[in-house]
Amino acid sequence: MDDKDTTPIRKQYLDLKARYPDTILFFRLGDFYETFDDDAEVAARELDLVLTSRPVAKGERVPMAGVPHHAVEGYIARLIEKGYRVAIAEQVGEPTSRGPMERRIERVVTAGTITEPTMLDEKRPNYLAAVVIDGKRAGVAYAEISTGEFAATQLEADGDILSVARQELARLQPREVLIPKTAAWKDRDPDQPATRLEETLARMLQANCTPWAAYRFEETSARQTLLEHFGVQTLQGFGCEGKPLAVRAAGAALAYLQETQQGLLPQIIGLHTYATDRFMGIDASTWRNLEITETLRGEKQGSLLGVIDATSTPMGGRLLRARLAQPLLDIPELEARLDQVQGFVDDGILRAQVRQALKRTPDLERMTTRVLAGRASPRDLTGIRATLEIVPELRGKLEEANQRISESANPPLSLSPSLPLSPSPPHPPGLRHCWRDWRRCRRLRASLRMRLWMNHRRR
Amino acid sequence: MSAGGLIRPGFSAELDGILLATKDARDWIAGLENKERARTGIKTLKVGYNKVFGYYLEVTQANTALVPAHYIRKQTLVNSERYITPELKEYESLVLNAEERISELETRLFREICERVAARAQALLATAQALARIDVAAALADVAARQHYVRPMFEASPVLAIEGGRHPVVERAQREPFIPNDLAMDAESRIHIITGPNMAGKSVFLRQNALIILMAQIGSFVPAERAHIGVVDRIFTRIGASDELAAGQSTFMVEMVETANILNHATPQSLLILDEVGRGTSTYDGMAIAWAVVEYLHNHPERRARTLFATHYHELIEMAEHLPHVRNFNLAVAEEGRDVVFLHKVVPGGADRSYGIHVARLAGIPAPVVHRAEGLLEELESGEFRPGTQVQEPEHFQPMLIAQEPPVVEMLRQIDVNSLTPLDALTKLYELQKQVGERQGKKRKR
Numbered sequence: 001m002d003d004k005d006t007t008p009i010r011k012q013y014l015d016l017k018a019r020y021p022d023t024i025l026f027f028r029l030g031d032f033y034e035t036f037d038d039d040a041e042v043a044a045r046e047l048d049l050v051l052t053s054r055p056v057a058k059g060e061r062v063p064m065a066g067v068p069h070h071a072v073e074g075y076i077a078r079l080i081e082k083g084y085r086v087a088i089a090e091q092v093g094e095p096t097s098r099g100p101m102e103r104r105i106e107r108v109v110t111a112g113t114i115t116e117p118t119m120l121d122e123k124r125p126n127y128l129a130a131v132v133i134d135g136k137r138a139g140v141a142y143a144e145i146s147t148g149e150f151a152a153t154q155l156e157a158d159g160d161i162l163s164v165a166r167q168e169l170a171r172l173q174p175r176e177v178l179i180p181k182t183a184a185w186k187d188r189d190p191d192q193p194a195t196r197l198e199e200t201l202a203r204m205l206q207a208n209c210t211p212w213a214a215y216r217f218e219e220t221s222a223r224q225t226l227l228e229h230f231g232v233q234t235l236q237g238f239g240c241e242g243k244p245l246a247v248r249a250a251g252a253a254l255a256y257l258q259e260t261q262q263g264l265l266p267q268i269i270g271l272h273t274y275a276t277d278r279f280m281g282i283d284a285s286t287w288r289n290l291e292i293t294e295t296l297r298g299e300k301q302g303s304l305l306g307v308i309d310a311t312s313t314p315m316g317g318r319l320l321r322a323r324l325a326q327p328l329l330d331i332p333e334l335e336a337r338l339d340q341v342q343g344f345v346d347d348g349i350l351r352a353q354v355r356q357a358l359k360r361t362p363d364l365e366r367m368t369t370r371v372l373a374g375r376a377s378p379r380d381l382t383g384i385r386a387t388l389e390i391v392p393e394l395r396g397k398l399e400e401a402n403q404r405i406s407e408s409a410n411p412p413l414s415l416s417p418s419l420p421l422s423p424s425p426p427h428p429p430g431l432r433h434c435w436r437d438w439r440r441c442r443r444l445r446a447s448l449r450m451r452l453w454m455n456h457r458r459r
Numbered sequence: 001m002s003a004g005g006l007i008r009p010g011f012s013a014e015l016d017g018i019l020l021a022t023k024d025a026r027d028w029i030a031g032l033e034n035k036e037r038a039r040t041g042i043k044t045l046k047v048g049y050n051k052v053f054g055y056y057l058e059v060t061q062a063n064t065a066l067v068p069a070h071y072i073r074k075q076t077l078v079n080s081e082r083y084i085t086p087e088l089k090e091y092e093s094l095v096l097n098a099e100e101r102i103s104e105l106e107t108r109l110f111r112e113i114c115e116r117v118a119a120r121a122q123a124l125l126a127t128a129q130a131l132a133r134i135d136v137a138a139a140l141a142d143v144a145a146r147q148h149y150v151r152p153m154f155e156a157s158p159v160l161a162i163e164g165g166r167h168p169v170v171e172r173a174q175r176e177p178f179i180p181n182d183l184a185m186d187a188e189s190r191i192h193i194i195t196g197p198n199m200a201g202k203s204v205f206l207r208q209n210a211l212i213i214l215m216a217q218i219g220s221f222v223p224a225e226r227a228h229i230g231v232v233d234r235i236f237t238r239i240g241a242s243d244e245l246a247a248g249q250s251t252f253m254v255e256m257v258e259t260a261n262i263l264n265h266a267t268p269q270s271l272l273i274l275d276e277v278g279r280g281t282s283t284y285d286g287m288a289i290a291w292a293v294v295e296y297l298h299n300h301p302e303r304r305a306r307t308l309f310a311t312h313y314h315e316l317i318e319m320a321e322h323l324p325h326v327r328n329f330n331l332a333v334a335e336e337g338r339d340v341v342f343l344h345k346v347v348p349g350g351a352d353r354s355y356g357i358h359v360a361r362l363a364g365i366p367a368p369v370v371h372r373a374e375g376l377l378e379e380l381e382s383g384e385f386r387p388g389t390q391v392q393e394p395e396h397f398q399p400m401l402i403a404q405e406p407p408v409v410e411m412l413r414q415i416d417v418n419s420l421t422p423l424d425a426l427t428k429l430y431e432l433q434k435q436v437g438e439r440q441g442k443k444r445k446r
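The listed protein sequences correspond, in order, to chains E and U.
Sequential numbering of the first sequence, starting at 1, is according to the working numbering.
Sequential numbering of the second sequence, starting at 1, is according to the working numbering.
Some hints could be false.
As the list claims (entries may be wrong) - Computed list of lysine to aspartate or glutamate pairs in DMTMM-like fashion (alpha-carbon distance at most 25 Å, straight line): (1) E:300 <-> U:379; (2) U:51 <-> E:90; (3) U:51 <-> E:335; (4) E:300 <-> U:295; (5) U:51 <-> E:31.
Calculated directly from the structure, the hints in this document are not laboratory data.
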């Protein structure tokens, strides 16, 4: 094909595509996102789209398939579900008289990096994990960009490191796992034996497995990524100094997030280094056999979680799931948790009132995180406002309950120490003023233009 | 929707100012339709808007004769004509300019509010976590109250005393009342061999204890009348192979890999749930492996985990005679004539029969097959196995109540497992297998 004949928009497309070869590129053209070439064939097949074609040069057409921009989320969700990664090229700037509009990759959506509320299971964290194995040690890191959770651990085994790493991943049930990319990955026949331990591990897992540049997993590079992101001189504050495998996995995961999110990740505010020996060990097959969070057929209904999950908020649902995956060994810690439950068992009225209030509480955690990440919608702000209207009510109920408990002759326990909202507000005074301002912020419509008076006129 | 849309009036003086300034223009356009209808007498006249022409007046073809002279025709449709007037365009530009500014302003204000929220994100996230903890506590309490769970008690020593334990999922799923069962383990009684026919509820009992412990250690109440739990550091399970089969590994290999993992990593604080270890291979291989595994767990100072071992090899109940910390339990069965009734109750002692044929009948295996199997079982147990013999008439059938042991069992019994080296064990195993092979060979020659 002669370069001169190629349309400018085709050149633009090919440039972007070359930078994101492992993705399906959704290329914004007016009111549509279009896919081309092989991408178009994949999209047409997987999404039941009509495969058409588009001229790209004199006498040359390429396959094309597109989806309308207002319905794009559903289509992306379906591709992610099937294990694809989707890069989204948006039109930026103003249309010019000459040449195509400027286009830029706004983000890359992958199974482990979803933030859209419609694509997330609200009672389940959507983890991206990274794993690296070196001899008898392994590093596992995981991140949840919709809540800002970011943690890493270093595992060691005198025997089978693979099963130890697998156990940790079974607990996390990540949607996507990053492993170091070997040179010949792309040409690898899936029936051929795996050449690296990480690859063997990835095949054991049900999660999407994404090979990610091997140098990202190297200690120097990984450490640099972490230091730069957090703006620190040392990783000591995060507890991962002296745990090189944890650093390598965490750095690789963070670099991947940076690329898919195309920039800063303000919601990742810290790295939590943890040791697995604080928790009960549940190996991968036990996890499955006991049907803890899902049955052998993969359903929550019929699992232990299905029976005990009576939580009212998405945050609560995710916390219960996390606790189920990390049972404690420390008796005082367990007693403290049981005290909280006991408080609500003993006081049925309080329990009903609190649960009633919680049922009206939206996902404060993910909403706040979206605000932090600069991806908030007006719905998120109204949701935050709604939560903050409920908080004083809840606090009042809990304070009353504590009062009742302390008045009884032989107080068995108090809710105060265990329920942090209750004795003192977790946020400084003055915040209320802020809330008042937000109340003024109303529902936003994507385009306001003209709707106002048109509606008025219709009435 | 009221004017202003995104931001409530009173929040931004600038925004309110723009809205006020264009109020006249918006009102004028809003009132135009009625005004023009009255003036022209065209009842169907409409004011509309599209992206290409902006605002227009639409008149149906039937009424075009009534259109005033100052209307400028812009577009002809099948049934109507669209017009503009210079006055309309003037107001339009006022409104559109204002809308653009309003839109920009609202976007800016929205961003500012987001920034203010972001500045308080730490406090908001802390609040979210507190809400999550309250939610989980209240939810677990709700389940506990509804399902009659109790608060577990913990201690550091490796005990387990669960009274009236139930399976949290099964009790919710089944209609008939769930039969609760006890479990009492301590340093003296560490390995419980659970025998009993398939379908009697061995697996449910095994799993319910693992789930009760798991629930306790996440800080939940548990489905029991009383639960005293010595904290468990790891739960291991070896339960019938499932999805690994699809991966192409043989059942037996999977079983052995999992068993190896348990034997290498269990600690005295662990809980082991072993369901039918050794099932994937021939009977004597399986039994020998099961026996050796239990022995290892019993004798190894670092691996003496609390173990629930379910098996349908009722021969294994003899281990309790040789190993002081092993106890036998079985799932009670009531016999009513030739039928068996599963009572789902765990009672001390070993089961002496596996009732496999009864289960076969329950499963709907055709009667002739069941009768033939009964006859063969009788021959096998009396050591007079003759594959060629005729099926006995059902009327003449007498169920075997006391099984006679094959000689191999006696050989097994004579083995002093405590003094056996692995190599000796293998040799012995070979002998045992040969013995069985010879017996069968002899019979065939006959």
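- Item | Hints breached by this structure | When the structure is compared with the hints, numbers 1, 3 and 4 turn out to be violated.
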